Amino acid sequence: MLSSVPHRKTWNKSKKTVKVTRSYPTFPSLNAWEEFRGLFPVDGEPNPGVGLGVEEGLLGQMVHSPEFNLFPESVVFESNFVQVRKGRDWIDIYKTYNTMALGVTSSVPCLPLPNILLMASVKWHHGQNQTWNKPSTAPKIILKRILPLKFVELQVSDHLQRVLRLRTVTEKIYYLKLHPDHPKTVFHFWIRLIQILQKGLSITTKDPRILVTHCLVPKNSCSPSGDSQLVQKKPQASQPSESLMQLMAKGESEALCQIFVDLHQHNLFSSRSSKKTENKKDSSGKKTSPSEDSIPCTRDLSWRDSFTYGEWERENPSGPQSLSLLSTLAASTGPQLAPLIGSSI
Amino acid sequence: MAYAYLFKYIIIGDTGVGKSCLLLQFTDKRFQPVHDLTIGVEFGARMITIDGKQIKLQIWDTAGQESFRSITRSYYRGAAGALLVYDITSTRENTLKIVIGLSLMFRRDTFNHLTTWLEDARQHSNSNMVIMLIGNKSDLESRREVKKEEGEAFAREHGLIFMETSAKTASNVEEAFINTAKEIYEKIQEGVFDINNEANGIKIGPQHAATNATHAGSQGGQQAGGGCC
Numbered sequence: 001m002l003s004s005v006p007h008r009k010t011w012n013k014s015k016k017t018v019k020v021t022r023s024y025p026t027f028p029s030l031n032a033w034e035e036f037r038g039l040f041p042v043d044g045e046p047n048p049g050v051g052l053g054v055e056e057g058l059l060g061q062m063v064h065s066p067e068f069n070l071f072p073e074s075v076v077f078e079s080n081f082v083q084v085r086k087g088r089d090w091i092d093i094y095k096t097y098n099t100m101a102l103g104v105t106s107s108v109p110c111l112p113l114p115n116i117l118l119m120a121s122v123k124w125h126h127g128q129n130q131t132w133n134k135p136s137t138a139p140k141i142i143l144k145r146i147l148p149l150k151f152v153e154l155q156v157s158d159h160l161q162r163v164l165r166l167r168t169v170t171e172k173i174y175y176l177k178l179h180p181d182h183p184k185t186v187f188h189f190w191i192r193l194i195q196i197l198q199k200g201l202s203i204t205t206k207d208p209r210i211l212v213t214h215c216l217v218p219k220n221s222c223s224p225s226g227d228s229q230l231v232q233k234k235p236q237a238s239q240p241s242e243s244l245m246q247l248m249a250k251g252e253s254e255a256l257c258q259i260f261v262d263l264h265q266h267n268l269f270s271s272r273s274s275k276k277t278e279n280k281k282d283s284s285g286k287k288t289s290p291s292e293d294s295i296p297c298t299r300d301l302s303w304r305d306s307f308t309y310g311e312w313e314r315e316n317p318s319g320p321q322s323l324s325l326l327s328t329l330a331a332s333t334g335p336q337l338a339p340l341i342g343s344s345i
Numbered sequence: 001m002a003y004a005y006l007f008k009y010i011i012i013g014d015t016g017v018g019k020s021c022l023l024l025q026f027t028d029k030r031f032q033p034v035h036d037l038t039i040g041v042e043f044g045a046r047m048i049t050i051d052g053k054q055i056k057l058q059i060w061d062t063a064g065q066e067s068f069r070s071i072t073r074s075y076y077r078g079a080a081g082a083l084l085v086y087d088i089t090s091t092r093e094n095t096l097k098i099v100i101g102l103s104l105m106f107r108r109d110t111f112n113h114l115t116t117w118l119e120d121a122r123q124h125s126n127s128n129m130v131i132m133l134i135g136n137k138s139d140l141e142s143r144r145e146v147k148k149e150e151g152e153a154f155a156r157e158h159g160l161i162f163m164e165t166s167a168k169t170a171s172n173v174e175e176a177f178i179n180t181a182k183e184i185y186e187k188i189q190e191g192v193f194d195i196n197n198e199a200n201g202i203k204i205g206p207q208h209a210a211t212n213a214t215h216a217g218s219q220g221g222q223q224a225g226g227g228c229c
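In order, the protein sequences belong to chains G and P.
Sequential numbering from 1 applies to the first sequence in full-length UniProt numbering.
Sequential numbering from 1 applies to the second sequence in full-length UniProt numbering.
Calculated directly from the structure, the hints in this document are not laboratory data.
Being a predicted model, the structure only gives us computed values, none of them experimental.
The beta-carbon is built from N, C-alpha and C at its ideal position, and this holds for glycine as well.
It is possible that some hints are incorrect.
[Said to hold, decoys possible] One-sided and incomplete, this derived list gives chain P residues near chain G with beta-carbon spacing under 8 Å:
#1 Leu6
#2 Ile39
#3 Gly40
#4 Val41
#5 Phe68
#6 Asp139
#7 Leu140
[To be verified] Only pairs whose alpha carbons sit at most 30 Å apart, straight line, appear in this in silico DSSO-like list of lysine-lysine:
#8 P:Lys168 <-> G:Lys172
#9 P:Lys53 <-> G:Lys144
#10 G:Lys123 <-> P:Lys187
#11 G:Lys144 <-> P:Lys29
#12 G:Lys123 <-> G:Lys150
#13 P:Lys29 <-> G:Lys172
#14 P:Lys29 <-> G:Lys95
#15 G:Lys140 <-> P:Lys182
#16 G:Lys123 <-> P:Lys168
#17 G:Lys140 <-> P:Lys148
#18 G:Lys144 <-> P:Lys182
#19 P:Lys147 <-> G:Lys144
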C-alpha cells in the first residue's frame, strides 16, 4: 500500500532546482531554512557520519545502489557488528571475517522515527582491515532481510562489551557486538537510537515546550505569505538543549538526525557559529577536525521538501493523514502558532 | 560476478506454504524442515544462465502472515516475476502447526486464497510481471488436498504459468525459478518489457547496458562483464 513512488517522482524533479527558493509560507521556522541549511555539510565537505562509518557505509551504499534502489531518499544509520553468543564471555559465532551490517532507515524520509531495520552479512577478505568507508577491496555484502522496526526489539545487552540484543517478534534473538574498529561514540549512537525507539522523540508527544512548526498539511492549503518575524524574534541558540528544540521546531525531528545532533551538539555550535560569522571571526581557538565539523546527517536536504506534504502515516504514508495525529501536533504547538495553524487548515 | 540482466522476483502466498523453503532450496540446495516465520522481507540471490546470458535473480521472500506484511506490498511494484505459492496438502497435523494468533487455517485455504493474492499482486505490481503459480509440497502425495488439475485450471484461467514443486525433494524447484526467468527473458526479446524502466524489475548489467544502450532486448551476443553482484 505504500504508494510513495509518484510522490518521490514529484520531488525528485524538484530536487534539482529546489535549493532554497521554495517558499514555506505561514510557518516561520521553515522560512529559516537557509539559516538552518548552514548547519549541514554542503557538497564537498567531509561528512562526520561517513567518517565514523555510520552513514553512507556499505549497507547504505548497497540499498541505495541501482540493484536495490531501496529508500533512495532516506539516510541509513548503520554499523558493523560481530554476531556473538552468550557464554561466560561473549563468543564469536562466526569467523572474524564474517560480520553483520545492521542499519536503520525510514521507508519515507520524513517520518519522525525510523521504521525499517536492515540486516546484511559482510564477508571481508582475509586479513582485510575491516573499515567500512572505503575499503581498498570491497568486501562481499549480502542484504539478508528488511524488518519493520515495530516487529523488533533492540536493547543494550552489555554496555561494557558493546553488545546489543536484537529480538524479533518471532523470538529470534541475535546478540550483536559492535565491531571493535568502531569508536566508542558509535555505540552511544546506538544507545541513543534505542532510547528514541523506545520512548519516541518529544516531537511525537504533546510536549507543549516543543514548537512543531513544520507543515503537516499540503502546502497549497497553507497561507501563501511568508512570515519571518518570528524567525527574527527567535533567540539565538545558546544552550544545546535549546538548539535541539529549535532543530525539532524546524522540522528536523528525524530521529537519525537527532542522534547525531545530540552527540555532536558542541560541534554543532562551533560549526554553526563559525558558519554564521565566517568572515568576522577566525576559528582560531580549536580547529575541529573535518569529522567534527558538522552534523553528520545528510547532505541531500531535498527530501525535507516532503515535510510539506503531510507524510505522517508510517505504512501508508501517501494516504490521507490521520486527523488524530494532526490534532496531536496542533496540541503541541505553542500558543503563538495556533492561530496560524488554524487559519491554514 | 558479472551479469547481463538482473531480474527481481517476489515470492508470495499464505504463511506455511513453503515460500522460504523454496528459496532456500533454490539458493542453497538444502531443505530446512523448521523455518522461522518470515517478517518483512528476506533476500536470496542466484545466478542462472539463459540463452548463454548470465542472469542474476534477486529474490524477495515476503512474509505470508498478514500481520507481518506491513511493508511487503510496496515492493511488488518493482518485480519482474512473482512466484505465487500454495500448499497442495491438508492434514490435521500440518494445520495444527500453523495456529497463528486465534486463527486456524486449513491447507486447502492456501489454494482458496490465491485469488486474493493474485488481485493483490496485480494491483501493486507492473502489468507485465510474470507470475508462476506453484503448488508446493508435491512430495506429500498421500495428503494431497488440491488436485494438480485444479492448479492448472486456475493458472490457465488467470494467465499464469503453473508447476507443482517440492522444496523438500527439490523436485521442480529449479524449473520453477528458471522457467519464470525464461518467460521474462522472452518478454524482453519481444520488447514487452522496457528494460530501461527499473519499475519493471529488470536491470541491465553495467557493461551490457553500455553495449545495448540504444536498443532494448538486444540479441547482442556479448556477455555482460564487470557487473557487480
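Right, here's what the structure says about each hint:
no.: 1; hint: Leu6; result: holds, 6 Å
no.: 2; hint: Ile39; result: holds, 5 Å
no.: 3; hint: Gly40; result: holds, 4 Å
no.: 4; hint: Val41; result: holds, 5 Å
no.: 5; hint: Phe68; result: holds, 7 Å
no.: 6; hint: Asp139; result: violated, 26 Å
no.: 7; hint: Leu140; result: violated, 25 Å
no.: 8; hint: P:Lys168 <-> G:Lys172; result: holds, 23 Å
no.: 9; hint: P:Lys53 <-> G:Lys144; result: holds, 26 Å
no.: 10; hint: G:Lys123 <-> P:Lys187; result: violated, 36 Å
no.: 11; hint: G:Lys144 <-> P:Lys29; result: holds, 17 Å
no.: 12; hint: G:Lys123 <-> G:Lys150; result: holds, 28 Å
no.: 13; hint: P:Lys29 <-> G:Lys172; result: holds, 23 Å
no.: 14; hint: P:Lys29 <-> G:Lys95; result: holds, 23 Å
no.: 15; hint: G:Lys140 <-> P:Lys182; result: holds, 28 Å
no.: 16; hint: G:Lys123 <-> P:Lys168; result: holds, 29 Å
no.: 17; hint: G:Lys140 <-> P:Lys148; result: violated, 42 Å
no.: 18; hint: G:Lys144 <-> P:Lys182; result: holds, 26 Å
no.: 19; hint: P:Lys147 <-> G:Lys144; result: violated, 35 Å
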